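Using the hints provided, position chain W relative to the given structure of chain C.
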Amino acid sequence: MFDLYGFGGALALGTWGTIKIMVYALGIGLVSGLFGAWAKLSGIRPFVWFTELWTLVIRGVPELILILFVYFGGSIVLGRFASFLGYDIYIEINPLLAAVVTLGIVFGAYATDVFRVSILAVPKGEIEAARSIGMKKIMVLRRILIPQIWRYALPGLGNLFMILQKDTALVSVIGLNELMRNTAQAVAFTKKPFVFYIAASLIYLAITTITTFILQVLEKRANRGVGRAS
Amino acid sequence: MDLQIVMEYAPEIMTGVVITIKLVVVTMILGLLLAVPLALCRNSKSRWLSIPVYGYIYFFRGTPLLVQLFIIYYGFSQFESVRESFLWNFLADSYWCSIIAFTLNTAAYTAEILRGAIKSVPQGQIEAALSVGMSPVKLYTRIILPQAALIALPGYSNESVLMMKGTSLASTVALLEVTGITRNLIAETFMPVELFFLAGVIYMILSTIMIWGFKLIELSLSRFRTAG
Numbered sequence: 001m002f003d004l005y006g007f008g009g010a011l012a013l014g015t016w017g018t019i020k021i022m023v024y025a026l027g028i029g030l031v032s033g034l035f036g037a038w039a040k041l042s043g044i045r046p047f048v049w050f051t052e053l054w055t056l057v058i059r060g061v062p063e064l065i066l067i068l069f070v071y072f073g074g075s076i077v078l079g080r081f082a083s084f085l086g087y088d089i090y091i092e093i094n095p096l097l098a099a100v101v102t103l104g105i106v107f108g109a110y111a112t113d114v115f116r117v118s119i120l121a122v123p124k125g126e127i128e129a130a131r132s133i134g135m136k137k138i139m140v141l142r143r144i145l146i147p148q149i150w151r152y153a154l155p156g157l158g159n160l161f162m163i164l165q166k167d168t169a170l171v172s173v174i175g176l177n178e179l180m181r182n183t184a185q186a187v188a189f190t191k192k193p194f195v196f197y198i199a200a201s202l203i204y205l206a207i208t209t210i211t212t213f214i215l216q217v218l219e220k221r222a223n224r225g226v227g228r229a230s
Numbered sequence: 001m002d003l004q005i006v007m008e009y010a011p012e013i014m015t016g017v018v019i020t021i022k023l024v025v026v027t028m029i030l031g032l033l034l035a036v037p038l039a040l041c042r043n044s045k046s047r048w049l050s051i052p053v054y055g056y057i058y059f060f061r062g063t064p065l066l067v068q069l070f071i072i073y074y075g076f077s078q079f080e081s082v083r084e085s086f087l088w089n090f091l092a093d094s095y096w097c098s099i100i101a102f103t104l105n106t107a108a109y110t111a112e113i114l115r116g117a118i119k120s121v122p123q124g125q126i127e128a129a130l131s132v133g134m135s136p137v138k139l140y141t142r143i144i145l146p147q148a149a150l151i152a153l154p155g156y157s158n159e160s161v162l163m164m165k166g167t168s169l170a171s172t173v174a175l176l177e178v179t180g181i182t183r184n185l186i187a188e189t190f191m192p193v194e195l196f197f198l199a200g201v202i203y204m205i206l207s208t209i210m211i212w213g214f215k216l217i218e219l220s221l222s223r224f225r226t227a228g
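Residue numbers (the UniProt record's numbering), protein chains in the order written: chain C, 1 to 230; chain W, 1 to 228.
This is chain C alone, in the form it adopts within the complex (with noise of 0.2 angstroms):
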């Protein structure tokens, strides 16, 4: 279909690239967004705080501006608070670790609050029923909660991780190879932008289309048994 003038390999590997920024980040986006919802609903202070202002932060600044912030910036900080611990390095951040990160830290303020109304969203009473027939907590947890608040928090998870997926192409501003970046490298040697930007275009879209049918069977899946009101 396309003629990809022997860059059809180098796609290939920066689509690999891509691929394994989108899960690392789904990774750290998934824990630190269960933190946040933890964080909000423990009433503690300091931690509410610091999770509002990090929401705050995250639904204002531009994704670019913050992953141009944390590599260029991430190690001066770092440097910064080193000399005021009183060591004196350089801290060298990685690129690959900076996008992770950052995409990471955006994807879990979003999914603080999807994670907070899903816990919420569990029937206390159920919780009850389950202490009074003596299950443990972890069983609890186990049988009880997490079915459910998977449950809940499944469509809006599932929502921005397609964002997530897009932000990816972003981190080629910081020169690490995924999809973006290999594309413009091809671009720079055979002068055919419009080929190779087409192409790329078409492997996000196989992209997202992939995870929009693992979403739906893992929708199905979450949702069996459950009455639906119609």
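These are computed hints drawn from the structure, not numbers from a lab. Nothing here was measured: the structure is a model prediction, and the numbers come from that model. Just so you know, not all the hints are guaranteed correct.
What the hints assert, rightly or not - Coverage of chain W stretches by chain C, computed from C-beta distances (three or more under 8 angstroms per stretch; other residues unrestricted): (1) 70–83; (2) 123–130; (3) 168–175; (4) 197–204.
Glycine included, each C-beta is placed from N, C-alpha and C at the ideal position.
Relative to the frame of chain C, chain W by itself:
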């Protein structure tokens, strides 16, 4: 954090704010003008209208804005026929390429928001309007769109803030809006912490103003909200 540097470079970065606001306002107006007919086509019973529009929305929502911008800014330069046509006046200019990419992108998201809102207008009202002999144009301008606008507003407000943040991508095609100027200044001074902090604060102020603006519009429109 050296606040003196922040103060020193603030005026220069503020010149980018004008460009950022221009990008946002032009994109929002053009995007909305494009989104309304797209939403109507998407809801249309004719497949010839709904399927191509679905394809358009699917593409623009399924791919990164950065690729869309690069297809328009770098992509079309591949063709000599484009470079020799009048289109080149726009496609060689990073400002217009940004406007085109952002408009096409936000129109796709907005059309999807509007489509859902139009569908949520109660069928009974539409039947009632038709039964008293309202023309389809009046039906839309008097019954459907005013109510759909109110339902779509929260979603549209979110989309507008996301779009405003998206305008920072214009810096990748060398447009000197807030992010572009900030990046240039950092290349000169190597003060990333202070200058990105400043840019971040500017974007946060802009998004807060936008969110307040939409709250005000929602408040003034809610008098149209039907009781019950």
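Going down the list of hints, with the structure as the test:
1. Only when three residues or more bring their CB closer than 8 angstroms to a CB of chain C does the claim for the stretch 70–83 of chain W stand; here the count is 8, and the claim holds.
2. Taking a C-beta to C-beta cut-off of 8 angstroms, the stretch 123–130 of chain W contributes 0 residues in contact with chain C, too few for the three needed, and the coverage statement is violated.
3. Closer than 8 angstroms: that is the beta-carbon criterion, and the stretch 168–175 of chain W has 4 residues meeting it against chain C, so the requirement of 3 holds.
4. Counting residues of the stretch 197–204 of chain W whose CB lies closer than 8 angstroms to any CB of chain C gives 5, which reaches the minimum of 3, so the coverage claim holds.
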